[in-house]
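> Same order as they appear, the protein sequences are chains A and B. Every letter in the first sequence is one number past the one before it in the numbering used here, and letter 138, counting from 1, is 138. Every letter in the second sequence is one number past the one before it in the numbering used here, and letter 170, counting from 1, is 1170.
Calculated directly from the structure, the hints in this document are not laboratory data. On a predicted model such as this, the values are computed, not experimentally measured, just so you know. All C-beta atoms, glycine included, are put in the ideal place defined by N, C-alpha and C.
Quick list of the computed label-pair ranges, beta carbon to beta carbon:
hint	chain 1	residue 1	chain 2	residue 2	range
1	A	Thr168	B	Glu1139	49 to 59 Å
2	B	Lys1161	A	Glu92	12 to 22 Å
3	A	Val119	B	Glu1167	49 to 59 Å
4	B	Asp1100	A	Asp153	46 to 56 Å
5	A	Glu73	B	Gly1123	47 to 57 Å
Computed cross-link-like contacts, DSSO-like style, restricted to lysine-lysine with a CA-CA straight-line distance of at most 30 Å:
hint	chain 1	residue 1	chain 2	residue 2
6	A	Lys139	B	Lys1071
7	B	Lys1190	A	Lys23
8	B	Lys1127	A	Lys95
9	A	Lys49	B	Lys1161
10	B	Lys1071	A	Lys23
11	B	Lys1141	A	Lys23
12	B	Lys1127	A	Lys106
13	B	Lys1071	A	Lys135
14	A	Lys98	A	Lys49
15	B	Lys1124	B	Lys1202
16	B	Lys1190	A	Lys106
17	A	Lys135	B	Lys1190
18	A	Lys49	B	Lys1098
19	B	Lys1202	A	Lys23
20	A	Lys23	B	Lys1098
21	B	Lys1161	A	Lys106
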Amino acid sequence: MRKTSILVCFIISFSFSFSQSAKLPEVDKSPMDVSYYPNNYPILKIQNKATEPVVARILYSRPQKQGRKIFGELVEYGKVWRLGANEATELEFYKDVKIGGKKVPKGRYTLYAIVNEPVWTMILNTDTDIWGAFKYDSKKDVLRTDVVVQKTDEVVESMSMFFEKSTTGISLIIEWEQAKVILPITL
Amino acid sequence: MKKFLFATLIPVIFFSCREADKKPAGTDTPAKAETPIKVLPPVSNYTNPDRSPMDMVYFPTDYPLLKMANKTSVPPLMRIIYSRPQKQGRPIFGGLVKYDTPWRLGANEATEIEFFSAATVAGKTVKAGRYILYCIPQETKWTFVLNSNLYSWGLEQNRLKDLVQFEVPVEKTNLAIEYFTIACEKNSQKSTALIFLWDDVKTKLPVSF
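If we strip away everything but chain A, and leave its shape as in the complex, we get (with noise of 0.2 Å):
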């Protein structure tokens, strides 16, 4: 689709004359999104209603199904992906946490899955500020973690992200497709 667009704006836009040459950013195709524990905490916090503080982040660009078969196809099996589209999925601690059991400083990093049936393996690597997987560096993981998948009821259209509590602290859901995942983060 991306390259679609490239080649019709490439073509339209001889036909335009704009007063200046900087080109402008497109708006993306799998727009950004951003998710937060506690999820909302931007309006709580502006409300005053926040009653903890923030402690992650979660960064992303959302591709849609659009009636394509993702899981084994266009994400296909074995492979690093970058959870999302564009650049890599960025997730942000406020404080340190746990994942695996392993410990995890505070800081930005980016994560990676490798989507395999049933389990998916998630990977958090240092490596941030970069585009897609094309570049991902093993020697740069902080940790890997398997996590099982299940399977949903209804079909998500638009990959979506977002954190829960839980009884150890809290998790981190993915869902696209029928698949679901859930990354638990201890606190």
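Position chain B relative to chain A; hints supplied.
What follows is chain B alone, placed relative to chain A:
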């Protein structure tokens, strides 16, 4: 890929490629500043993408792509995260966005700007770190404000947390820009003008490192 398209052409792309228009408002709050805040229920499994999609701007421009292509070996200098409301036929400045009233420079969450090293912004020194950036638009000039009230929704600014202000003149563009757009007009490796475009208005905030 982002860099190839003119924002003025977005309507064409929008209607040909996107389904966003058909989707219900879902998790978003319209950019309209006077809209009351709606507290959303816990995120459902079927949240829809935002009506004012979030976007990210790096300096150097397209830094993540440069990094992927091994075209840079130094860290990024600056990153802005904002949401992009659309004009949709409405008069923006002096209309939807009121003069003399703080505006979040986008939609949804407050616009976030991070300087990965100390910077000079419109002649003033700014420490490395993460801030929110908003503006107070007037017809002929905008006042940009860096504020420390991070991770807040953009409808209300805590003025007690203002850190520094910059005044810049307003320029007019020939064509109306549909999507609110922030971009870098690069001058050199270490300096840029952060540009803000929407409707027929353009402002520039010079930043150097």
